Amino acid sequence: MSWHQAIRARLGSITGDPSLDLDVVDELAGHLADSYAAARASGMDHDRAEELALDELKDPATLEHALRIARSRRSTAAPSPGVAVDDLAGVLRRAVRLLAASPGFTLAALLMLAAGIGGATAIFSVVDAVLLRPLPYPHADRLVAVWETDRHSSTVREPASLPDFLDLERDARAFDALGAIVAGEFTLAPPGGEPRRLAGLSITQQLLPMLGVTPVTGRLFDAAEHRRSQADTALISERLWRTAFEADPAVIGRVIHIDDRPRTVVGVLPDHADVGMLQWLSSADYSRGFADRDARTRVDLWLPLPLDVQALPRSTHPLLVLGRLRDGVAPDAAERELSGIMVALERAYPENEARGARLEPFTDVVLGPARPGLTALLLAVGLLLVAACVNVAHLLLVRGLARRREMAVRVALGGSLSRLGLQFLIENGVLVAAGGLLGVGAAFAGVRGLIALAPADVPRLADVGVDARALGIALTLMLAVAVVFGLLPLLQVRRLDVQRALAGDGARSAGADASRTRLRSGLVVTEVALAVVLAVGAGLMVRSLVRLQQVDPGFDAAHVLKAEFQLPESRYPRSFRTWPRWTEIHQFTGGLLARLEALPGVTGAAIAAQHPLDAGFTNSFAVVGRETEAKDWPEIATRIVSPGYFGTVGLGLVRGRALGPGDHADAPLVLLINEAAARQFFEGRDPLGARITIWGMPRTIVGVVANERFRGLDQAPPPAVYLPIAQNPLAGGVVLVRGPDPAALTGSVRAVIREQDPQLAVFGLQPLTLTLRESLGRPRFVMRVLVAFAVLALLLAAAGLYAVLSCEVRQRTREIGIRLALGAPPARIVREITSRAARLTMLGLAAGIAASAALTGLLRSLLYEVAPTDLPTFAGVALLLLAAAIAAAAVPARQASRTDPAISLRTE
Amino acid sequence: MKKGSAELLVLAVIEERARHGYEIGRLIAERSGGALTFHVASLYPLLYRLEARGLIEGRWVEKSGQRRRRYYRLTADGRRVLARQRTVWQQFLRALDRVAGILPA
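Chains as they are written, first to last, in the numbering used here: chain B, 1 to 908; chain Y, 1 to 105.
So that you can see chain B by itself, here it is in the shape it has in the complex (with noise of 0.2 Å):
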């Protein structure tokens, strides 16, 4: 052994600080091999002469003052009492040393810091911005939507008439203004450019004005424009104006053409003058809601909604109804004014049999959706928050054990507590500082990616961003975590029997021993536990979304491509008086299927209203004889088809015959039904034969198709009709096209769509499978998230356990080595560790089921055929906590199996 290692292994033990400066250690030896040289030369035998030379070091604790006093050397000021400014510089390197010779313990604090405070400013980010922070609008919390309701279909949520918006308007005295907006979808045609599909709004003029919205440039409709049943304007987004206008100013004033109709666009609207339309739209009964998630789910285009009752009477229902409460009224109050109002109405109107009104806060209306998902993510993230905060105290309760001696010798030497304090809360505190700059890091991350994991449907997304109050709420706890649990051990030092501590083993004053093992096993229970409920609630959303994913959704998505298309009045005209004989529509219709299945690679093509997964739109419909009962039927979906959607999308037929090319316009008029509609409105009688009044007109049911869910893949297959293209011309929907490789066919279906009308606008155009994935987005978001979560949380339990029992097993070396050196069998050591791993498991486990038992019920709404309570799931987590607990525990076991006696006394 050198003089170095000598004196190393003397001053290692003492100080627990391998970073001894070296210059120290050198200059001892230096003494340590002269004192020898000289004891040689006065004729001592070598061993003799060592262990004169050694003698010299058999005073370690007075060796580490001089340690102490060798670091304040380079210091030229005298040593002043207590601290001295240019000190603090000296120990502030001192910590980042200390931090960097125990690289596990550092890299591992530093992560959990860095998770706990990026994940949970992250998230929390997220739900502020989204849920929290108040619609972009004045007085926000009086906006209210304005439903329509019927008691026939127990409808809630039904979009309004115009006739009835503008009797409500005229006579209900609760509101400030109502605005109302028809939704819908339009071809922007830029001159020479690519035809653009655009989502956008007809408006009333009350609706800009009543929620606060200025225009970025020009002016917004005036009344005027509205009485117009002709009205030419158009107000664009911001988005578009930037996008497709270069944000020329010069826009004002310039005609467009949007649906192959010049307007003069007036001005230019904000962001947020989107009202939270897709949210709005998709929380009605009846409506359609944006079909994709591509730019059509924000709102680019605001047009005057004509006031023409002719066009739009009391029998259709496209309205959706704002409303500002006066201040002071409440919104029962008006509620009870507006049902008063629609019993007039139902009175003075058929139309209105059985209608009535409702109101909804329109916070929850926009929000609601989202509101389950992410609450139930940031409860996660507090839980995730509380597991490091634990997992940091554990680790420096662990750091400040392995100091106790090195801060007894401090003590013992007359090193002050403060100062000892002081140097743990700058150590703790760069600690801290560098967690919480990678926290920051993270935090920026997470958000970017939970901006892009996040469904389309969570509104307010673009608003996002990093928080400064939670990154501060979630630095500041780590912080109090660090000072608390870094000074804890100073505590002890109190109590600590110096002596003890000095002659050898640390460690073994029974008394703060005990208590100090407890709390640390506390916080490892701790651990489990949230470990526990975090993995409960990730594996109910996978157990959920596997179940979601086995659904049948009735149709095969898998050799699906689909794309849309709307055809423009001017070139396509759809007269009432001509219907259903369309000329141009049904050329266009016809040609284009003919183009398709002569595609090579095609095996089949369809054009329909929507594709399996739209909800598409439900009408009021009776059986012919059966009209009194029909009154308190639901509205039912309809499904206009091309006779090729059945083959198309693999919906089987179950009775009868499917449509066919004798379905045409001069033909008898027929449908089919679905399973459902067959099951709820037949049951004990034949559909096949009976009639059913739809639009005004009694078709005869020619046969059953299976069950689509097109509502979603959660939601049952709602009672549907199909009914033929040829008899019910569309002027706009979907193609959709079999083959094998759908996405390689996406070149060829456009240019065929081209062929067939060059001017015409293709969107949406994308595998159905890739729909499907989307229509399953806010359920996979959470589940993500959350097993992100719960993932992180099992390591620090982990960890935590591991750490426990490693350093029990150090602790515990003297015992065990006695023992196995009098024949206990290692199976038999390793058996207790591993118990003892088993039992703090057990009792986390215990908690965190009680605790998960209570909080699972939160993502009830986001679970489909789950229980909150799901058994295998909670016995999953606790096999896999168990099995966690066990390889954590296997390490510090076998080492300590494996203690050879010798080496564990002469460690004493």
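These are computed hints drawn from the structure, not numbers from a lab. Bear in mind that the values here come from a model prediction, so they are computed numbers and not experimental data. Do not rely on the hints blindly, as some may be mistaken.
[As the list claims (entries may be wrong)] Derived lysine to any residue pairs resembling SDA-like cross-links, with alpha carbons at most 20 Å apart:
1) B/Lys58 - Y/Ser42
2) B/Lys58 - Y/Lys63
3) Y/Lys63 - B/Asp34
4) Y/Lys63 - B/Lys631
5) B/Lys58 - Y/Arg26
6) B/Lys631 - B/Ile694
Starting from the known structure of chain B, arrange chain Y on it as the hints suggest.
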């Protein structure tokens, strides 16, 4: 031993020239005839303390073929302190002698 005596001893043995730690310890032992010895643990803290107070100055010296050694020399401050200490000790020892008769006649 009177407070400060160890300090005086160290300052005194490096008065004529710079010496390294072992040499300082050995010289003190030799000159005191073995009556005064320093262990590593008491010598080096003292050296560092003196250095921190600016009374001595340590410097690494490397000679070819030997390991490097740290040599300590007196600073100007150290010289003044040594002179003052000498005076104090002389007065102290004389006082002791007058009372207890400790110096050789």
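Open item on the list: Need the status of pair lysine 631 of chain B, isoleucine 694 of chain B: alpha-carbon distance at most 20 Å?
Closed with: Holds - the C-alpha atoms of isoleucine 694 of chain B and lysine 631 of chain B are around 13 Å apart, at most 20 Å.
Open item on the list: Please verify whether lysine 58 of chain B and arginine 26 of chain Y have alpha carbons no more than 20 Å apart.
Closed with: Between lysine 58 of chain B and arginine 26 of chain Y the Cα gap is close to 19 Å, so the pair holds against 20 Å.
Open item on the list: Holds or violated: lysine 58 of chain B and serine 42 of chain Y, Cα atoms, limit 20 Å.
Closed with: The hint holds at about 12 Å.
- [ ] Verify the proposed pairing of lysine 58 of chain B with lysine 63 of chain Y, using a straight-line Cα cut of 20 Å.
- [x] Between lysine 58 of chain B and lysine 63 of chain Y the Cα gap is close to 30 Å, so the pair fails against 20 Å, i.e. violated.
- [ ] Take the C-alpha atoms of lysine 63 of chain Y and lysine 631 of chain B, compute the straight-line distance between them, and say whether it is at most 20 Å.
- [x] With Cα atoms ~111 Å apart, lysine 63 of chain Y and lysine 631 of chain B exceed 20 Å; violated.
Open item on the list: Checking one constraint from the list: CA of lysine 63 of chain Y to CA of aspartate 34 of chain B, max 20 Å. Satisfied?
Closed with: Holds, at about 16 Å.
In summary, the numbered hints that this structure violates are 2, 4.
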